[in-house]
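Novice: Residues per chain, in single letters:
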Amino acid sequence: MEKILYTLDGASFTVGDTILEYSYLLAAILFVIGLKYQSHPETARKGNIWAGAGMLLAMLTTLFLHKNDQGQAIGLINMLIIIGVIVAGSVIGAVIARRVKMTAMPQLVSFYNATGGAASALVAIMEFYNPENKAVLVTLLGIIIGTLTFSGSMIAYGKLDGKVGDIFSPVMKYVNIGMMVILAGLTVMFMVLGPDLPYRNELGILLIALALLYGVLFVMPIGGADMPVVISLLNSFSGIAAALAGFIYHNQAMILGGILVGAAGTILTVLMCRAMNRSLLNVLVGAFGGGGAGPEGKEAGTIKEISLSDAAVLLSYTQKVVIIPGYGLAAAQAQHICSDLDKLLTGKGVEVKYAIHPVAGRMPGHMNVLLAEADVPYDKLIEMDDINPEMPNTDVAIVIGANDVVNPAAYDDPSSPIYGMPIINAHHAKNIIVMKRGMGKGYAAIENYLFYDDKTRMLFGNAKETLQKLVSEIKTL
Amino acid sequence: MENIFIFLYSYKEAIFIIVLAIFLGFEVISHVPSILHTPLMSGANAISGVSIIGGIILLGHADLSTVSLNLVLGTLAVLFGTLNVAGGFVVTDRMLEMFKKKPKKQ
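Taken in sequence, the protein lines are chains A and D.
Position in the first sequence (from 1) plus 312 gives the number in the working numbering.
Position in the second sequence (from 1) plus 1328 gives the number in the working numbering.
Hints were generated in silico from the structure; no laboratory data involved.
Misleading hints may appear alongside valid ones.
[Stated by the list, open to error] Chain D is nowhere near these chain A residues, computed Cβ spacing over 10 Å in every case:
{"#": "1", "residue": "Gly328"}
{"#": "2", "residue": "Gly470"}
{"#": "3", "residue": "Asn589"}
{"#": "4", "residue": "Lys787"}
[To be verified] 27 Å max Cα-Cα, derived DSSO-like pairs, lysine-lysine:
{"#": "5", "chain 1": "A", "residue 1": "Lys665", "chain 2": "A", "residue 2": "Lys632"}
{"#": "6", "chain 1": "A", "residue 1": "Lys379", "chain 2": "D", "residue 2": "Lys1340"}
{"#": "7", "chain 1": "A", "residue 1": "Lys660", "chain 2": "A", "residue 2": "Lys767"}
{"#": "8", "chain 1": "A", "residue 1": "Lys781", "chain 2": "A", "residue 2": "Lys665"}
{"#": "9", "chain 1": "A", "residue 1": "Lys446", "chain 2": "D", "residue 2": "Lys1340"}
{"#": "10", "chain 1": "A", "residue 1": "Lys767", "chain 2": "A", "residue 2": "Lys413"}
None of the values given here were measured: they were computed from a predicted structure.
Ideal placement from N, C-alpha and C gives every residue a C-beta, glycine not left out.
Work the whole structure out from these sequences, hints included.
Specialist: Structure below.
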């Protein structure tokens, strides 16, 4: 393995070097296959394992075959330290991932995203202080993007976990633009003046501190329903940061893996924005529609409540029920009891389906995961475009903790901030039952005329408790 | 100006890989049903932990005779990278496990 095979352009290489480089190719292929498999429900789990195998392969070959520029392999003691750290990190990471509740999963993803960004940033920071490093721009970008991914994802984690609140003021926009200008200015300065720059080391620390702060300020004003978009964006950033770090090391596995994630994350971000009918810029810069005064000249009408027993009867003696779950269901952790209701009704011969809006829950697809956890078979989970044509012959639509995604204003009120957003056509159903905590408005803070519809009946209360009562009511019938 | 061309030429292989990988990434992801968005984001997130390779290289060649910057940053990079990789793959597996419980009817 150690025999120098050949010298090409002044650089010699051995069998081990060759194996290392091709193991990276194999790892990259495994990443691609893994992502491809993860795009189909049947093969998704296998895909994750393939991608994981690719990662393990790249880690092992790097550990045993990597040599630095002086041709030295990784020393035995270093190797043992690395293995020790990896074992410790794997145990901690896996235990947290196993224990966390499914509803808390979005923040966990955000947390792991932060650690990935930090790893890339640290690698780039090291290279910043390496006088032989020639890829200065790449290093600086790696530091900035990696660091802001770290701090931004930590803030996103805190927000989703309810530890950090939203801070929004119109000034933030200008502060953020100012931060960007300063970071760009520093980058140019490092580039132009190179190693001769006075106070280079201190300015490097300033750059890191500013990037940390920028990550915080960047995520801070973004609220509630927009968090998934930010997490997805930060996910793509962490990929880009990994690729930049790989660029510094000429490491193909890091470049390819990082860029794949960067591209995939970007596409996901765009898909999410599209599902909410908003542009990415709008999510990042603007508050949502300014609250909206609501359309003028339209009578709100009256709210009609329904008793639990009436609701139970209505649901039990009907043909087709469509459940439309939203954020409120996830927040109340009502997915299990919702599944019980489904089974009970199915047992009575009612056809039950779920209409899943692309942005239902806290992240796209989060609702599917929650319902899957509660034993709902995924072929009952119907996507918006497929369920909408079925809505007119649906006897009862049950809206649980959803608001904006069923607001008909998206169709007929051009003055509404959500006008044009694709919605689930709950208003086409023959009867509508809306479960809500109170008459609070949705994230977009606008009136929902579905609630005043003649076909709509309201069931107020916490989604979980209401569902529990409803289930026991149906059982007594 | 010249520097840009020098950069573009000397890193041409890496730039080719990056540009083609961007297309590949778009192509692989663009037909995903929305029910898989969250697991996919989580799975992609685990892959972004590939920066652990950089951490291994850093720590692997760190001088152990003193507490060098290499040693400290390298250890942290490996630790953070591992958290990302191990945690990411496990949590993704947990999500996907649920989709498998019941085989598709029809």
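Novice: For each hint, tell me whether it holds in the structure or not.
Specialist: To see whether the hints hold, each was checked on the structure:
no.	hint	in the structure
1	Gly328	14 Å, holds
2	Gly470	17 Å, holds
3	Asn589	15 Å, holds
4	Lys787	24 Å, holds
5	A/Lys665 - A/Lys632	8 Å, holds
6	A/Lys379 - D/Lys1340	23 Å, holds
7	A/Lys660 - A/Lys767	24 Å, holds
8	A/Lys781 - A/Lys665	21 Å, holds
9	A/Lys446 - D/Lys1340	15 Å, holds
10	A/Lys767 - A/Lys413	37 Å, violated
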